[in-house]
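Chain residues, written in single-letter form:
Protein chains: 2
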Amino acid sequence: MRAMNLLLLLPHEWPTGATQARLHLHDQRAEHLRNVLRANSGDTVRIGVLNGLIGTALIEQIDHQGIHLLATLDNNPPPPLPLTLLLALPRPKVLRRLLLHCTTLGIKQIHLINSYRVEKSYWQTPFLQPDQVQQQFLLGLEQARDTVLPQLHLHPRFKPFVEDVLPALAAGKRCLTAHPLPDSQPCPAGVQGETVLAIGPEGGFIPYEVEKLQACGFTTVQLGPRILKVETAVPALVSKLFL
Amino acid sequence: MRAMNLLLLLPHEWPTGATQARLHLHDQRAEHLRNVLRANSGDTVRIGVLNGLIGTALIEQIDHQGIHLLATLDNNPPPPLPLTLLLALPRPKVLRRLLLHCTTLGIKQIHLINSYRVEKSYWQTPFLQPDQVQQQFLLGLEQARDTVLPQLHLHPRFKPFVEDVLPALAAGKRCLTAHPLPDSQPCPAGVQGETVLAIGPEGGFIPYEVEKLQACGFTTVQLGPRILKVETAVPALVSKLFL
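Residue numbers (the working numbering), protein chains in the order written: chain A, 573 to 815; chain B, 573 to 815.
Hints are all accurate, no fakes.
Any copy, or any two copies together, can satisfy a pair, since identical chains are not distinguished.
Calculated lysine to any residue pairs in the SDA-like style (CA-CA distance at most 25 Å, straight line):
{"no.": "1", "residue 1": "Lys784", "residue 2": "Leu741"}
{"no.": "2", "residue 1": "Lys665", "residue 2": "Thr697"}
{"no.": "3", "residue 1": "Lys665", "residue 2": "Leu700"}
{"no.": "4", "residue 1": "Lys680", "residue 2": "Cys759"}
{"no.": "5", "residue 1": "Lys680", "residue 2": "Leu753"}
{"no.": "6", "residue 1": "Lys680", "residue 2": "Leu710"}
{"no.": "7", "residue 1": "Lys680", "residue 2": "Pro664"}
{"no.": "8", "residue 1": "Lys784", "residue 2": "Glu774"}
{"no.": "9", "residue 1": "Lys665", "residue 2": "Arg574"}
{"no.": "10", "residue 1": "Lys692", "residue 2": "Ala611"}
{"no.": "11", "residue 1": "Lys665", "residue 2": "Asn607"}
{"no.": "12", "residue 1": "Lys784", "residue 2": "Pro752"}
{"no.": "13", "residue 1": "Lys680", "residue 2": "Glu774"}
{"no.": "14", "residue 1": "Lys665", "residue 2": "Tyr694"}
{"no.": "15", "residue 1": "Lys692", "residue 2": "His727"}
{"no.": "16", "residue 1": "Lys665", "residue 2": "Asn577"}
{"no.": "17", "residue 1": "Lys731", "residue 2": "Ser687"}
{"no.": "18", "residue 1": "Lys665", "residue 2": "Val802"}
{"no.": "19", "residue 1": "Lys745", "residue 2": "Gly796"}
{"no.": "20", "residue 1": "Lys665", "residue 2": "Phe699"}
Bear in mind the hints are in silico, worked out from the structure with no lab data behind them. Just so we're clear, the structure is a prediction, and the values are computed from it rather than from any experiment.
Next up, chain A with everything else stripped away, as it sits in the complex (with noise of 0.2 Å):
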């Protein structure tokens, strides 16, 4: 389901340097505003240049032939989670739509890493192939009326990953690795600065690998009593932290 909140330009599609420009637009985004949106001569539309600005777009003419369009950029997108997100690979459907609710939410760096309770086979999949990956981040973009593309990174072994990669991540910033258990600390709300948040796979991250993110700065949280899946977890944590 595509909702495009926002009309999301590919930088060459739009001219250099310029804060007003007009556009023709004859492909499945014209037909997605005409058949889809309903859109008439005379609508606004807001509008977006991938990694760069947003604005809006007064449609002059939509007919079947396309959509011109008189569009004025003027505005930086929101302002980015300061947000580095660990996630263990969740399988792979689940993995699609948090790509896309990752971006929705604002996150700009996701590490996908391994865990005891991942299956390998996850890493297969071909949803982690970078055009599919790359589909999700653009409709997350749309919905969310952004435009910065969330950058991803994989880890498929997570002992390499936590002793080479992990400490120049992490290092100077709030670290929370998300662990349900009652010794947990409360998960803080309305932090501010450079956080890093762990969230393990459906059954959690084994003991030696909380210990190996705690020997890298890592503190636990939890929401509370309940256990909530890895696609409930992501946004209501985030929503603590952050919003």
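Keeping the supplied structure of chain A fixed, place chain B upon it in accordance with the hints.
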């Protein structure tokens, strides 16, 4: 994907008034414990009775005939959220997942309502059949280690609902409409007391609907500049408000 962080018993499976009992299970729950969770004799599992207490059970014997448990019920389930959720009926696949996610979050009162942007055909989905709804609720309780079944109420007509049903539902409670517009207030954090939260369809409530809710005492709230999908908005709003 069944998590079964709690082995859920039906009330008739537990001897009335007992705090400890020996049980013999030989259905799919026994199979799940044996084949998926790979439980062994001597292991302890969490157990609960639907709409009743929770506790632990010692696996005394486990084999292809089933599983013999010595179970003790000694704790209350986690407290319910003081929340009544009004949710514009989402499309069927999202509905199915949301029923589960709402259950894991601890929501006990779910009202599915109509809205201008709800497709009429959604009301015909088999996922609204009581047995299908019950299945998602039970999976959610097993996931969340809860026992209290949520209640689902269907309101396929918006106006009669807000005029005839909502005033009594809303009386004396904090009433919020999630509405991602700049003039909405930031969603409050960590609130106390009974709250009614209305969440619109993809594309949002139309102005008429927002006004009808306002006439019942609802104020509009938002979580920031990004427009979330309903599936992301529900855990994000619930978490900010209550977790």
